[in-house]
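Colleague: In this note's numbering, the protein residues as written are 3 to 103.
This list has only true hints and no planted wrong ones.
Calculated cross-link-like contacts (lysine-lysine; reagent style BS3-like; alpha-carbon spacing at most 30 Å):
hint, residue 1, residue 2
1, K69, K27
2, K27, K64
3, K66, K56
4, K40, K66
5, K56, K79
6, K40, K79
It is worth saying that the hints were derived from the structure and are not from the lab.
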Amino acid sequence: IAVAEKTKAGDVVPYFETLPPTIMKKEQLDLLLSTLPKDQWDNPPEDSALYALKCYAEVYGKGKATKMGWWDYWYMKQTLPTQGEIFDLAAIEEDYQKQRE
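Please model the complete structure; the sequences and the hints are all you need to start from.
Modeller: Here it is, written out as structure tokens:
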């Protein structure tokens, strides 16, 4: 019951609930979500990595397309940031905010 209540409260973005782990692991997703404010998770800016991930999540997953061509998979892995790159984006954003103060 606690899990259902937490989901109803809006803590989980609906299009990431069925995201296959071959697209992105939970740890990477958490880091990627930390790069944007929570109010932008449902509708991320088009120039963000979260937008690209949202596009893949809308097409692939449970109840959707189950197979991805090798070219699409390769391109996805080249364009989506790795866990190290996501960490760097968060650190850059933090440094930028400190400089603005």
